[in-house]
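S.K.: Each chain, written out:
There are 2 protein chains.
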Amino acid sequence: MEDHAVVPDPNRADYAAGAAYLDGAFMPVGQARIPVLDSGYRRSDVTYDVVSVWDGNFFRLDDHITRFRNSMNALQMTPSESDDEIRVILNRLVALAGLKAAYVSMECVRAAPPPGMTRHPWNCRSYLSCYAIAWTSVATPEMMERGMHLMIPKTLRIPPESVDPTVKNFHWGDLTRSLFEARETGADYTVLLDVDGNVTEGPGFNVFCIRDGVVLSPRRGALEGVTRLSVFELCDELGLPYEVRDIPADEFRDADEIFACTTAGGIMPVSRIDNRILGNDRPGPLSVRLKDRFWQRRGEGWHATKVDYSVV
Amino acid sequence: MEDHAVVPDPNRADYAAGAAYLDGAFMPVGQARIPVLDSGYRRSDVTYDVVSVWDGNFFRLDDHITRFRNSMNALQMTPSESDDEIRVILNRLVALAGLKAAYVSMECVRAAPPPGMTRHPWNCRSYLSCYAIAWTSVATPEMMERGMHLMIPKTLRIPPESVDPTVKNFHWGDLTRSLFEARETGADYTVLLDVDGNVTEGPGFNVFCIRDGVVLSPRRGALEGVTRLSVFELCDELGLPYEVRDIPADEFRDADEIFACTTAGGIMPVSRIDNRILGNDRPGPLSVRLKDRFWQRRGEGWHATKVDYSVV
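The listed protein sequences correspond, in order, to chains A and B.
Following my numbering, the numbering of the first sequence begins with 37 at its first residue and continues without gaps.
Following my numbering, the numbering of the second sequence begins with 37 at its first residue and continues without gaps.
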């Protein structure tokens, strides 16, 4: 991989840790803070999306902005910025931070109600909070090398009947709780089941398993990930059949291969789940093929939008 | 009711809107903000509790601090402040804000991980965020007068198997979603069911129904409210039998009376649920008796801890 270090620029030293846009103003990311009275914090009434920048290119920028807009609509949030304005803001954040490889978050936050009004959501305006920081991965380099170790926890994923997982949200209480279960067993991360015992997703990533050469991904209870969509496209390119359907825990655990995917990490092979060691305790061959293809295609400019670094 | 207006003091004009304590420092509430990179915001990895002040007295202060400490322990959060220090902080916040009647929140927030560490919760420290603002009620004066109008929404309460409702939390996505359903029908608030069709709680309040003179409250899926505990104590004082058990939606809807309770509002009678009008479309007699008794007892110094206004 190439060197993606920030190029220090004395004129924008304040943005070394990242750049933020909060409720209409640009600022260093360390200054971006959410008022404690806002519903976005105290009711987690917020939706978000994350797009990555690699080699100076956004990946599937329009797909992320479209999903972000759909999420805002689902929550009846109407910030003042248009999709085009969001595109300009995100570009400027990456340019301000001087990042060639970035994790870029766009968030819409429900504010506090005006004085004298009840906290019903329609009494509150919504505003954008966005930032760009150095690219970060869910899987450490060590995990990428040896394969991630997953476990299936007792904690169940919050069901779609309560909170819609396709509207990307910060309701991570179940995911966080599951990580404490993982800690007990020494696993890196978890993959949660739904109330019917089917696999859903992990903390910040979609999951897949491969059985008899077929790539399987859960049908419901998970985010409809943009990287997941990219995996399906890569399957088509490589001639690998794939299927979206319910996957019971046992079927997942006994698969030939398992991998996860996310904007913050790409495709991440798994080498262990619960007490089972997959294959040779290394990333599986098809998972590695998909991962390598993913980065090859990104290097070729697949779904890329060039960052304009002149607009600081 | 008495006049609980803030007494303006030119020396602490900044605290007119309320006082906050954030990560070790006191400040006006408008300045208290949570960094966008902290897990307390971006994973809603936070627990909280709320205590009220009425007539210059905290109500059940120790009960709230004890529950808050239990919640922090459940999430493996260890801020630097002891329970005694929290008691002093909350008192000082009320004194700084000069409030005789206050809504006082104590929150413990998981921070961002140190640079280079993964976002696993045990890599992050936790800190306190507390504030005191003017007393506020879930029910408006109009709702208190006519009785609240509730509805049972399609949205289900997040189950205990996903997020423990006895650890007070900001996972309000289901509650917020349900309020939009209430808006469609003209109801004020909602009461959510669990997956088995039993009543749980509403957005920020516990619920009760009264059938044949017996006060009933849901057994699981809800916060074990401190005001709910006070209701049980008042039932004992008034010789009203009560029972904690599963309450199916139909049984709840067909009750003789319904009421809700919360720190931010006390006991709040309900006069309508879905399409059903209870009694005379006014607060029910036993609900009113409990409500009046509640405020009478508080006026008598029941479970009270005097605020020391000299420590500003």
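Rather than coming from a laboratory, the hints here were simulated on the basis of the structure.
Honestly, I wouldn't trust all of these hints.
In this list, chains with the same sequence are indistinguishable; a pair is considered to hold if it fits within one copy or across any two.
Okay, derived cross-link-like pairs now, SDA-like style, lysine to any residue, Cα gap no bigger than 25 Å in a straight line [claimed, not checked]:
#, residue 1, residue 2
1, Lys327, Ala147
2, Lys190, Asn159
3, Lys190, Asn109
4, Lys327, Ile313
5, Lys136, Thr154
6, Lys204, Ala52
7, Lys136, Ile313
8, Lys190, Glu260
9, Lys190, Asn106
10, Lys136, Val280
11, Lys190, Lys204
12, Lys136, Gly152
13, Lys136, Pro149
14, Lys204, Ala147
15, Lys190, Thr154
16, Lys190, Asp232
S.K.: Are the hints correct? Go through all of them and say.
M.R.: Status of each hint after checking the structure:
1. Taking the shortest alpha-carbon separations for Lys327 and Ala147, neither the intra-copy value of 40 Å nor the inter-copy value of 32 Å comes in at or below 25 Å.
2. In this assembly of identical chains, the alpha carbons of Lys190 and Asn159 lie at most 25 Å apart only when taken from different copies (22 Å versus 38 Å within one copy).
3. In this assembly of identical chains, Lys190 and Asn109 lie within 25 Å of each other by CA distance solely across copies; the values are 19 Å between and 33 Å within a copy.
4. In this assembly of identical chains, the alpha carbons of Lys327 and Ile313 lie at most 25 Å apart only when taken from the same copy (20 Å versus 61 Å across copies).
5. Proximity of Lys136 to Thr154 under the C-alpha cut-off of 25 Å is restricted to the inter-copy arrangement: shortest distance 21 Å between copies versus 45 Å within a copy.
6. In this homomeric assembly, Lys204 and Ala52 never come within 25 Å of each other (Cα to Cα): the closest approach is 28 Å inside a single copy and 37 Å across copies.
7. Within a single copy, Lys136 and Ile313 get their C-alpha atoms no closer than 37 Å, and across copies no closer than 63 Å, so neither meets the 25 Å cut-off.
8. In the homo-oligomer, the alpha carbons of Lys190 and Glu260 lie at most 25 Å apart both inside one protomer (23 Å) and across protomers (23 Å), since each shortest distance falls under that limit.
9. Taking the closest pair of Cα atoms, Lys190 and Asn106 come within 25 Å of each other only across two copies (21 Å); inside a single copy the shortest separation is 32 Å, beyond that limit.
10. In this assembly of identical chains, the alpha carbons of Lys136 and Val280 never lie at most 25 Å apart, being 34 Å within a copy and 59 Å across copies at closest.
11. Taking identical chains as interchangeable, the C-alpha atoms of Lys190 and Lys204 lie at most 25 Å apart whether they share a chain (23 Å) or sit on different chains (20 Å).
12. For a Cα distance limit of 25 Å, the shortest separation of Lys136 from Gly152 across copies, 18 Å, qualifies, whereas the shortest one inside one copy, 47 Å, does not.
13. With identical chains, the CA atoms of Lys136 and Pro149 are at most 25 Å apart between copies only, with a shortest distance of 23 Å across copies and 39 Å within one.
14. Taking identical chains as interchangeable, the C-alpha atoms of Lys204 and Ala147 lie at most 25 Å apart whether they share a chain (18 Å) or sit on different chains (21 Å).
15. For a Cα distance limit of 25 Å, the shortest separation of Lys190 from Thr154 across copies, 22 Å, qualifies, whereas the shortest one inside one copy, 37 Å, does not.
16. Within a single copy, Lys190 and Asp232 get their C-alpha atoms as close as 13 Å, and across copies as close as 19 Å, so both meet the 25 Å cut-off.
Consistency note: the structure conflicts with the earlier hints numbered 1, 6, 7, 10.
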